[in-house]
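Q: For this one, chain A is given, so just place chains B, C and D on it according to the hints.
Residue numbers (the numbering used here), protein chains in the order written: chain A, -13 to 299; chain B, -13 to 299; chain C, -13 to 299; chain D, -13 to 299.
The set of hints was computed from the structure by calculation and includes no laboratory data. From a predicted model like this one, the values you see are computed outputs, not experimental measurements. Do not rely on the hints blindly, as some may be mistaken.
Which copy? The list can't say, so a pair holds if one copy fits it or any two copies do.
What the hints assert, rightly or not - DSSO-like, lysine-lysine: derived pairs with alpha carbons at most 30 Å apart:
hint : residue 1 : residue 2
1    : K58       : K263
2    : K158      : K263
3    : K108      : K261
4    : K183      : K140
5    : K108      : K292
6    : K131      : K183
7    : K26       : K131
8    : K140      : K(-10)
9    : K125      : K292
10   : K129      : K261
11   : K183      : K129
12   : K108      : K33
13   : K129      : K(-10)
14   : K108      : K207
15   : K108      : K(-10)
16   : K131      : K261
17   : K131      : K29
18   : K(-10)    : K292
4 protein chains.
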Amino acid sequence: MQVKDFQWTPGMTVSELVSQYHQVGYQSVELARAADVIIKMKKENAKIYLTFTSNMVTSGLRGFFAQLIKLKMAQVIVTTVGGIEEDIMKSTGETFSVGRFGHDDVELHEQGINRVGNLLIKNESYMNFEDWITPVLDKLYEKQKRWAVSEMLKEIGLMLEDENSLLYQAAKNDIPIFCPAVTDGAFGFHLYLYQQKHPDFIVDVVKDFGNILFSSSYDEKKAVIALGGSISKHHAILCTLLNGGAEYAVYMTTAHKTSGSMSGATTDEAKSWGKVKDDSDVATVIGDVTIMFPLAMIRALEELRKEGLLQDG
Amino acid sequence: MQVKDFQWTPGMTVSELVSQYHQVGYQSVELARAADVIIKMKKENAKIYLTFTSNMVTSGLRGFFAQLIKLKMAQVIVTTVGGIEEDIMKSTGETFSVGRFGHDDVELHEQGINRVGNLLIKNESYMNFEDWITPVLDKLYEKQKRWAVSEMLKEIGLMLEDENSLLYQAAKNDIPIFCPAVTDGAFGFHLYLYQQKHPDFIVDVVKDFGNILFSSSYDEKKAVIALGGSISKHHAILCTLLNGGAEYAVYMTTAHKTSGSMSGATTDEAKSWGKVKDDSDVATVIGDVTIMFPLAMIRALEELRKEGLLQDG
Amino acid sequence: MQVKDFQWTPGMTVSELVSQYHQVGYQSVELARAADVIIKMKKENAKIYLTFTSNMVTSGLRGFFAQLIKLKMAQVIVTTVGGIEEDIMKSTGETFSVGRFGHDDVELHEQGINRVGNLLIKNESYMNFEDWITPVLDKLYEKQKRWAVSEMLKEIGLMLEDENSLLYQAAKNDIPIFCPAVTDGAFGFHLYLYQQKHPDFIVDVVKDFGNILFSSSYDEKKAVIALGGSISKHHAILCTLLNGGAEYAVYMTTAHKTSGSMSGATTDEAKSWGKVKDDSDVATVIGDVTIMFPLAMIRALEELRKEGLLQDG
Amino acid sequence: MQVKDFQWTPGMTVSELVSQYHQVGYQSVELARAADVIIKMKKENAKIYLTFTSNMVTSGLRGFFAQLIKLKMAQVIVTTVGGIEEDIMKSTGETFSVGRFGHDDVELHEQGINRVGNLLIKNESYMNFEDWITPVLDKLYEKQKRWAVSEMLKEIGLMLEDENSLLYQAAKNDIPIFCPAVTDGAFGFHLYLYQQKHPDFIVDVVKDFGNILFSSSYDEKKAVIALGGSISKHHAILCTLLNGGAEYAVYMTTAHKTSGSMSGATTDEAKSWGKVKDDSDVATVIGDVTIMFPLAMIRALEELRKEGLLQDG
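In isolation and in its complexed conformation, chain A is listed as follows:
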């Protein structure tokens, strides 16, 4: 394909821009390809594993994830526990605000504010979360003593009744949310306190491994969209791999492969799963997910909608 002089036309849509990226160069080309791969995985009815780190839920992408679940653009979700907590906080009325990367952290501490990059969360929001979660754990415990994580999250999701909540939309649409390190956050602390009072209360992470394993079969087509790195990315790759590997993969990350980290692992390795047909089935985009993901996904949504392939659009 030739490099083509890019030009703005007034009123340009996101879809038109991303379409032109194919012929611009560097990461813009990879971004345009990511949109193509997403379109392809949806058309081929692949089971889509969407993974993201908790800071994505801290950001405004949370509402987008909920919308995507509603639109059937993800069949399995994997995230870290901070993402669960903050989705709940937002559903129960907490607001986060936009600050600066360079805030004076000592000053923020004195004001009772926590910083996640350039986003700010009040301590108060964590306290309100505690007040909300404790009676919820009572209800769960009443129902049964031993819980797989994704089953617990479904119960919680149903209680939220917030269209913008990813837990609610997932529960409503019967999409499982997996969270392999469920204790690594405030939620973990509350689970611990609860178990102190109720020693027979058990969070069964081993059982949930079976649940994610059987969330797709060997014969089904599978796809991984991994936003950021960490456990959530690794878990989706591991579990699709144990089922024969994914046919499609889109990774978006600011990390680079030169460090040998999971965050920086590219879709090159996806070719080693033996099921990726060729380069048109995978794309790795280097860049901030808050910008890259809406661009690629909106392009895909517009194309799928045009072809009548979008449910509940």
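A: This is chains B, C and D only, laid out in the frame that chain A set:
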């Protein structure tokens, strides 16, 4: 400002998307702010120094730069010599193509192809450039023996007659293009060969320093939009600083400040120039320019157009 | 402090080099400071939480971690499950090899080889791991049905009897190893298979949250050395924070704070914990851990040894 | 090669550490390879082009560069003009100091201090540079009116008489220093002011292109050691390429190839020059040069010294 759940609406424009980025988080917030700063510098009639590295001209952004010059969105251009060469090549009929970062470079070498990231340039294009530039140097030499770089580039620009050429648009609109390291490329080699035959042919870089210095006055408002790093970024900062410093600055780069490099220097330092009023006058966006720059600039163009502030739109 | 001209002297030791880094610039200054902070935390008898991602254990740093545990340079370990698996593999005779980042992954797949950055692991090693771990799970199950992760890892460590094993050294020296996402790897799969046959076999991650919480008290001085990002870094920060915050922190990472990720979070935020006295108590080094960590830690070890503060040196 | 458990031994030298890096993993492997390539290029009597950006001279590496020139470890130098200015400043008594990346830049501005990453330069140093350079330009002008840059820098170097000065050592050892963008700094401003008074004073960058071109022949073996990116890296690559390409290349940079920038270009492309025999002739190390370069170079110096191949050691 509060973090707001982002949601896609069908047919969403680039301007609508970037506007929502204000409330998403991380680099999306910085990108939205970059658009605001560009709008502000234009409204305040600042003299805009637009700088970019040559790989930006290799990419499809070249046509966008030409369009921006036409729209009076830049009053001074600073770039590296590769950008000059490739603008000429494209104007004289050469085509570049989109490849892959992971190409086998030995194989490409055997095919006579050069790789710039994931873009490809044929050796042939360089040879055609040589054929084109030699008679041009003759014409320049006939006119005068000693040339400041920007004056030479203006003469060349006028010869191109290509609306998508940044040299042509700059020449036509009387926008100077500065290129402090003019010998660092194929063009330098041809200048050298020419001087061998004509020892009194002189490229006067020192005189051009005066030209860029007087491209703005101490009292004028100044702005720097620096895409990527290198000499081009440094030169614009240096020269505006010698004139009292810029009031506005937008930097876009994949480099980080932790290495102490010019590429990674952020607009924090711009505050030390003493003329930046507050945080709303500067923005640093970390990310690939081919994606980030169209997004921020299109948002600015749409807003300026809406307010009737865009010339020749 | 003044910048000082660095000069090589024949036979220069690592400690001499790192000492000179104080006066070189950019990340070398941060690295030298990291060594100072490590010395300080040890002298002040802080409880040191050492965290690393599994790819660090894939690399040759695994033996260094074992040595550091032996030297009482860490009191609590947090890692991801891949690190556990690979420590066991190495102890049971598997060898990993050094390859290239650019390997053809399809070819590697055909050869039954897995790639982690530029390191290679044979499929066979995973199969041998399976053969080893299954009878071990039997022994654990015989002993008790419900296991906190760190307690299980201690039992396993004692079986390894390999001086270079971090699990063995940790078990022998009574240092707990925490692994909040214990199912996210081959080990998780084997736990799952085991639970299928023995439904009353429970891995209690909630109980282990209590264990890490009580691994230090509110009044003890605490320190975090976080290598790479992910869950392991977050978990140590979370748990020391719930105990009042750490007094000392050294982070080494290739990630940058501009993405808002945990991997890129710097020790600036550590100041918000309210216990860090000043800048001399924290250091963030941007760079590859395999290079940065030995440099800083060796400098610290040499200084501590000189002062007779190193146990079992 | 196998991954080997790394272990510290008291009194470990830099050379011993780097030697072990071969078997650690990720960038440590690349770093150890970089040392090997440097040893190889020296043993093969390749002409070594050493390039670095000006911030390397701001740092304490400046004295190391001078030492390397003295030890005949570089035959051609390419840098940016800031490096020239700061080498002169340091030779004429100015001192730079170590600060922090996070300094308040407005405050620094009020104190008349300039920040380069975490290094600080007083405005006063620039004023003293002005006082020193003006009579020097008089002397140069008296001698001749038209100067190639490298010839001018040699004259200046001889005036410095400072063993730690890279200009002095280069001049004394007849090593040319090339600086294609000589006007891009305070020096450029002084050249401009001088030319205003003496319009026949000419800095001939075109002639200097010939000088660097003939600094090696087509038949000689050539090597490039590029620290950081920018014009200096590009210029050395361009000029060796015009002479048939280098046989050896070591690049050290914090930039990544995914942006398509010169700073991020890896030695993979060096293979396309047609003269690199195999992977053992090139190495790309991702990381901060202030740490990486001393490590690799010291390892090379120690090995060369051991074999009696180091001149003037």
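Q: For every hint, state whether the structure bears it out.
A: Hints versus structure:
1. K58 x K263: So K58 and K263 pass the 30 Å test inside one copy only (24 Å; across, 47 Å).
2. K158 x K263: Classified as neither; 34 Å inside a copy, 49 Å across copies.
3. K108 x K261: between (46 Å within a copy, 19 Å between copies)
4. K183 x K140: Cα proximity of K183 and K140: in one copy and across copies (24 Å, 26 Å).
5. K108 x K292: neither (42 Å within a copy, 38 Å between copies)
6. K131 x K183: both (13 Å within a copy, 20 Å between copies)
7. K26 x K131: Classified as neither; 42 Å inside a copy, 46 Å across copies.
8. K140 x K(-10): The answer is between: 24 Å across copies meets 30 Å, while 48 Å in one copy does not.
9. K125 x K292: This pair counts as neither: shortest intra-copy Cα distance 44 Å, inter-copy 55 Å.
10. K129 x K261: neither (42 Å within a copy, 42 Å between copies)
11. K183 x K129: both (16 Å within a copy, 25 Å between copies)
12. K108 x K33: Cα proximity of K108 and K33: across copies only (29 Å, versus 37 Å in one copy).
13. K129 x K(-10): Result: close neither inside a copy nor across copies, 61 Å intra and 35 Å inter.
14. K108 x K207: between (43 Å within a copy, 26 Å between copies)
15. K108 x K(-10): Between. Shortest inter-copy distance 16 Å satisfies the 30 Å Cα cut-off; intra-copy 48 Å does not.
16. K131 x K261: For K131 and K261, the Cα distance exceeds 30 Å both inside one copy (40 Å) and across copies (39 Å).
17. K131 x K29: Intra 41 Å, inter 46 Å, cutoff 30 Å: neither.
18. K(-10) x K292: Answer is both: 25 Å inside a copy and 27 Å across each meet the 30 Å cutoff.
Going through the hint list in order, the structure does not satisfy hints 2, 5, 7, 9, 10, 13, 16 and 17.
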